[in-house]
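Visitor: Now for the letters of each chain:
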Amino acid sequence: MAQLLFRDALNQAMSEEMERDSRVYLVGEEVAQYDGAYKVSQGMLARFGEKRVIDTPIAELGFVAVAVGSALGGLRPIIEVMTYNFAILSLDAIINTAAKAHQMTAGQLSCPIVLRGATGAGGALAAQHSQSLESQYTHIPGLICLSPSTPADAKGLLKSAIRDPNPVIFFEHEALYSAKGEVPDGEHLVPIGKGDIKREGSDVTIIAWSRQMKQLIEQADAWSEELGLDIELVDPRTLRPLDMELILASVKKTGRVVIVEEGFQFNHVGAEIAYRIQRDGFDLLDAPVERVTSIDVPMPYSPALEKLVLPNADRIKAAIRAVCYK
Amino acid sequence: MAQLLFRDALNQAMSEEMERDSRVYLVGEEVAQYDGAYKVSQGMLARFGEKRVIDTPIAELGFVAVAVGSALGGLRPIIEVMTYNFAILSLDAIINTAAKAHQMTAGQLSCPIVLRGATGAGGALAAQHSQSLESQYTHIPGLICLSPSTPADAKGLLKSAIRDPNPVIFFEHEALYSAKGEVPDGEHLVPIGKGDIKREGSDVTIIAWSRQMKQLIEQADAWSEELGLDIELVDPRTLRPLDMELILASVKKTGRVVIVEEGFQFNHVGAEIAYRIQRDGFDLLDAPVERVTSIDVPMPYSPALEKLVLPNADRIKAAIRAVCYK
Amino acid sequence: MKQTSQLGAHAHNFPRGRAAELPKETLLKMYRDMVEQRRFEEATGRAYGLGKIMGFCHLYIGQEAISVGAAAALRPSDVMMSAYRIHAQAMARGVPPQAIMDELFGKATGCVQGLGGSMHIFDIAKGFWGGWGLVGQQVPTAAGVAFAQKYQSTSNITMVFFGDGAVHQGAIHETFNLASVWGLPIVFVVENNQYGMGTALSRVSSLEPLHEMADAYKIRHYEFNGMDLLESYDAFADAVDYAREHSRPVYLEAHCSRFRGHSMSDPGKYRTKDQLEEEKAHDPIPGFAAFLVDCGVTTHEALEAIDETAKAGMKLILERAEAAPWPDPELISKYVLVSP
Amino acid sequence: MKQTSQLGAHAHNFPRGRAAELPKETLLKMYRDMVEQRRFEEATGRAYGLGKIMGFCHLYIGQEAISVGAAAALRPSDVMMSAYRIHAQAMARGVPPQAIMDELFGKATGCVQGLGGSMHIFDIAKGFWGGWGLVGQQVPTAAGVAFAQKYQSTSNITMVFFGDGAVHQGAIHETFNLASVWGLPIVFVVENNQYGMGTALSRVSSLEPLHEMADAYKIRHYEFNGMDLLESYDAFADAVDYAREHSRPVYLEAHCSRFRGHSMSDPGKYRTKDQLEEEKAHDPIPGFAAFLVDCGVTTHEALEAIDETAKAGMKLILERAEAAPWPDPELISKYVLVSP
Ligand SMILES: Cc1ncc(C[n+]2csc(CCOP(=O)(O)OP(=O)(O)O)c2C)c(N)n1
Ligand SMILES: Cc1ncc(C[n+]2csc(CCOP(=O)(O)OP(=O)(O)O)c2C)c(N)n1
Ligand SMILES: [Mg+2]
Ligand SMILES: [Mg+2]
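Order-wise, the sequence lines are chains R, E, Y and Z.
Numbered as in our numbering, the first sequence ends at 326 without a single skipped number.
Numbered as in our numbering, the second sequence ends at 326 without a single skipped number.
Numbered as in our numbering, the third sequence ends at 340 without a single skipped number.
Numbered as in our numbering, the fourth sequence ends at 340 without a single skipped number.
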């Protein structure tokens with residue numbers, strides 16, 4: 001197994017799939033000559049040429065919609081949005097075209113795009129550049145939504161996404177690009193729709209993904225010891241469709257659930273997971289499901305405030321204690 | 001009390017507030033010369049003139065963003081979007097400007113807009129014109145979201161919205177415009193953030209709003225009798241911020257909850273309500289919270305299919321039975 | 001507002017006269033196509049009035065010279081894409097009228113099995129790619145199809161229609177720039193019928209004439225009389241050849257007029273009766289009929305017979321649509337995701 | 001790509017020479033403003049390198065003739081709005097540099113109390129309205145402010161800045177149309193520094209020259225050398241007067257050059273060293289200094305003294321920013337909604 005940066009794992013996934021399938025191309029702002037705003041596409045212009053690695057003007061609705069159209073026309077675009085904050089401008093193309101084209105044409109067309117780019121709070125980027133807007137996509141039937149927490153999952157899920165015949169929305173936490181992790185050698189695919197137990201434990205289930213899961217992986221041993229509670233970490237990896245089987249199996253074991261997510265809280269993904277757990281696992285629960293989210297405000301710039309707004313150790317540990325009545 | 005159509009109640013609310021405050025104006029596609037695509041602004045051009053009732057080109061991002069800017073500049077626009085399906089194009093102005101301007105300027109600016117227009121499935125309008133995209137707005141801190149079910153609430157809430165110093169998103173179900181109801185004479189305001197018990201009952205709480213609530217009001221007596229269960233109908237009216245006090249008081253009484261909403265189910269408003277009920281009312285619940293939503297697909301055109309996709313009597317009654325273990 | 005009396009008097013900078021080379025059979029077929037479209041839309045209007053067709057429904061009556069001229073200029077392997085006023089455009093492209101009417105009735109035998117309705121007609125095999133409901137949405141989407149055509153080294157092109165109401169949507173401007181920079185083989189067509197719903201173009205637009213905005217994007221552009229079938233064919237034939245040969249966009253402005261309201265629910269109070277009558281004086285069908293007779297291509301009687309056949313055909317189509325089966329409930333979830 | 005050697009050679013269709021009427025004190029103040037902006041940005045760069053400033057941070061070095069020329073043409077009651085490369089623009093408008101630096105440090109004494117940072121500088125009392133992070137977002141927003149100015153019958157105008165990278169955003173096109181149709185008193189200014197991040201304009205644009213796109217919208221437009229303070233002032237003075245007098249939009253293209261990377265994290269590999277040197281030869285500050293000395297307005301020594309004072313001032317500003325208090329945690333939720 002090789003140690004890879006998250007960004008390089010993504011680069012490998014795209015490059016391998018572009019070798020494999022000539023219909024796959026990469027398009028977005030700064031992806032070609034600049035090697036990507038976050039250097040995810042480093043070297044890809046040199047390797048695949050201008051036809052398949054394409055810089056766009058800053059016109060998020062236009063270039064995303066054109067790429068969506070190209071998928072209807074038989075190609076398999078990987079569309080990089082610099083961040084999902086900007087992709088708000090592209091939503092019409094995703095919600096009203098990509099997600100609906102297969103159904104609206106009764107199967108005559110399909111829309112195999114991968115929309116991918118940075119999400120989350122990258123560090124003192126303030127109100128407009130720190131959002132986690134996953135729920136704008138998970139809400140929409142016709143879309144598949146992925147959010148990896150490790151380089152291995154990033155590579156394996158992105159390869160699966162590129163091969164999938166449906167529109168896939170792929171979230172990369174801005175603060176993960178430089179994270180390192182082991183990635184299996186050779187062909188490595190992670191199936192869409194399958195979650196992963198990142199740490200086995202018996203007392204309390206923590207459900208999280210993306211950067212929050214990475215931080216939990218780093219803390220779980222220490223916290224388990226400190227709290228005297230054996231923490232199980234469940235990473236859904238796919239946000240839509242949810243792997244409820246895996247989640248409920250963990251709840252069955254622990255009876256206690258904390259959901260940690262970075263976005264605004266009101267009807268974000270955690271609310272959906274919590275709803276389903278209480279509906280399908282009502283008798284398995286020994287305590288109400290708790291969640292820890294960002295405080296529900298536009299992100300302040302000052303680092304002194306940002307760290308209070310994001311989910312942090314104090315708030316997560318308090319939630320663990322609460323569900324364990326400790 | 002006068003009997004008014006829902007659309008006329010909205011018209012009265014706007015007209016009264018425009019009489020009261022010269023900063024208030026109405027802008028949108030077809031609102032002036034055509035009297036509104038759904039005739040909500042009938043007669044307002046004639047009454048208030050071209051300066052204050054303004055037709056726009058079809059350019060949802062542009063005209064909404066300009067109106068948002070005018071609110072920063074001291075005006076109080078009422079912005080009619082023909083439907084919220086089209087307002088997807090305006091989201092950047094709402095999420096990144098309107099919702100954040102007050103916080104980003106540390107209070108130096110505020111953004112008193114009312115964005116209002118049609119939502120929901122109006123009847124065989126197919127995949128792109130039948131969406132209930134409330135969660136795109138309820139998710140965002142800095143916004144207030146209202147969704148009335150009766151002409152009286154429509155008038156009272158819209159007047160409160162126009163007077164509110166914050167950005168307010170106001171949802172009008174397309175199938176409600178021609179609904180009739182009593183509206184109190186004289187000055188009639190409904191407070192933001194306060195729900196309403198539309199029917200008192202003791203056995204089961206049904207939470208719903210907008211068109212779904214209207215249909216429940218019409219059916220509740222018959223169903224209570226048929227099922228031998230006394231139904232309580234709770235209408236939050238304000239979707240953000242939620243009146244959890246009222247909701248939990250009802251749950252305390254009944255111990256059983258069904259949420260009925262028309263939109264796609266995944267992380268819609270009902271998920272948030274359910275999450276909060278189980279967290280804050282865990283010990284009050286005798287059964288898991290159930291929800292009835294539209295089937296999670298892009299809406300088919302054929303009336304034969306549409307009626308199966310929308311929440312219907314069979315599915316709602318089954319959910320009531322389920323939470324009552326009947 | 002552009003006076004309809006100007007409909008016949010535009011500057012042209014495209015080669016004229018190619019229509020004159022069309023064989024007699026083609027001219028007659030084009031006439032028949034216009035008549036069938038007209039009769040189809042009239043039948044649609046009646047069925048809507050009877051509650052057989054639901055939802056939003058927009059008739060194309062008055063604009064038939066555009067759909068027919070365009071279709072005649074395209075190859076079967078080219079792509080045509082449009083908005084929601086599309087029954088006639090789909091017919092022009094060869095989609096069977098029965099499949100369209102069944103779709104309007106919401107039946108399983110419709111061209112999209114009842115999932116789409118009036119606004120969402122698709123028949124990919126025939127090169128008709130819908131059928132999109134958000135004003136402007138189809139424009140970048142179509143540019144994407146043109147992108148794929150170029151990427152795959154086909155010699156096909158894409159033609160996309162939109163209305164005068166759509167020209168202010170930012171997406172269209174973003175697309176013009178991309179199409180120019182990337183050299184996409186696409187023909188943009190604005191059908192300028194002077195109204196977006198009830199709003200006269202001049203009340204909300206500073207773009208006049210519309211097609212000149214293409215100058216900024218270095219895109220070839222011109223206007224033509226969309227009420228004149230021969231001029232329409234000439235304009236499209238030139239644009240299609242240019243886009244194919246140079247792999248470059250073209251922007252055409254078709255001046256035209258819709259004789260009915262915006263949709264079935266629009267009483268059309270924003271036009272006076274006189275104004276409407278004036279517009280109807282430019283009806284493309286009698287105009288072309290007169291031409292065919294004048295040139296000795298055919299006789300009045302033969303044209304009458306075409307009309308009678310079309311009318312009878314529509315009666316049958318309505319009966320069959322009525323008798324067709326409703327879709328199976330399983331359809332609801334069948335095409336949400338592509339099955340693996 | 002536009003060669004920088006062309007920076008001094010543009011067609012002009014605005015009246016020249018108004019700068020010549022400016023009093024000596026004003027000319028000196030304008031020089032001082034440019035120098036202070038330059039020194040402020042250099043100080044900002046150093047503080048960023050030391051980790052005192054976080055997040056994204058974009059320096060204005062090279063473009064000072066634009067901010068200063070613009071501000072000199074505006075009235076205090078006018079509104080100036082911009083994107084995220086704004087420290088210098090805010091200073092030009094009179095926002096105290098200390099309040100800006102404190103904001104960059106994330107301190108409670110910043111102009112938005114630490115909530116905004118580098119990209120989101122606001123001081124409404126001074127007529128500086130930010131400070132917006134989505135490319136193009138400020139343009140329709142500013143048009144809305146102009147709408148309010150007109151609605152309220154003020155004689156104020158709004159001036160809004162955006163970059164060459166923003167000109168393809170659909171929102172800007174939608175806004176141009178609205179501003180023209182509604183007759184809004186607004187000056188649109190594109191600062192064409194030839195790059196949007198690492199992308200040279202010509203690689204992604206068919207708009208050349210940029211300002212000519214305004215033709216389609218019937219908006220007055222012209223270009224000027226944004227590296228020349230006097231030309232800049234002339235251009236802005238004319239535009240501001242025109243917008244105010246006629247309640248009409250104007251579109252200005254300012255040709256310019258940024259001497260640093262896009263943001264602090266951009267190594268700027270897309271420009272050769274030679275190219276950058278060539279651009280720096282047009283530095284507006286020494287150019288204006290030479291003019292002032294040549295005309296006998298002042299001496300080299302006096303200008304040196306201005307620079308020394310500015311440098312010393314920045315040292316103090318950094319020290320104070322360092323010492324300023326962090327915001328109170330209560331600020332987090334204080335301004336999410338307007339308190340009743
Ligand atoms: C994004 C969006 N905004 C608004 C509408 C509502 N709408 C439907 S058609 C229409 C008018 C379009 O006029 P035009 O483009 O001229 O086409 P025409 O109807 O004349 O063929 C409007 C406003 C919509 N469907 N989509
Ligand atoms: C909508 C949106 N898309 C992309 C970005 C990322 N981005 C920030 S600045 C920038 C380049 C803008 O260049 P230009 O408009 O020329 O301004 P300059 O930086 O040269 O001042 C990009 C792509 C963004 N902030 N917002
Ligand atoms: Mg039209
Ligand atoms: Mg630039």
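Hints are computed from structural coordinates only; laboratory data are not their basis.
Beta carbons are placed, not taken as given, at the ideal position from N, Cα and C, and that holds for glycine.
Possibly wrong hints are sitting among the right ones.
Said to hold, decoys possible - Label-pair restraints from in silico Cβ distances:
| id | chain 1 | residue 1 | chain 2 | residue 2 | range |
| --- | --- | --- | --- | --- | --- |
| 1 | Y | Pro329 | E | Ala222 | 21 to 29 Å |
| 2 | Z | Gly268 | R | Gln219 | 56 to 64 Å |
| 3 | Y | Pro325 | R | Lys194 | 37 to 45 Å |
| 4 | R | Lys39 | E | Ala318 | 25 to 33 Å |
| 5 | Z | Lys311 | R | Arg47 | 44 to 52 Å |
| 6 | R | Glu200 | E | Asn312 | 40 to 48 Å |
| 7 | Z | Lys273 | R | Lys51 | 48 to 56 Å |
Visitor: State for each hint whether it applies.
Guide: For each hint, the structure was consulted:
| no. | hint | result |
| --- | --- | --- |
| 1 | Y/Pro329 - E/Ala222: 21 to 29 Å | holds (26 Å) |
| 2 | Z/Gly268 - R/Gln219: 56 to 64 Å | violated (39 Å) |
| 3 | Y/Pro325 - R/Lys194: 37 to 45 Å | holds (39 Å) |
| 4 | R/Lys39 - E/Ala318: 25 to 33 Å | violated (53 Å) |
| 5 | Z/Lys311 - R/Arg47: 44 to 52 Å | holds (47 Å) |
| 6 | R/Glu200 - E/Asn312: 40 to 48 Å | holds (44 Å) |
| 7 | Z/Lys273 - R/Lys51: 48 to 56 Å | violated (30 Å) |
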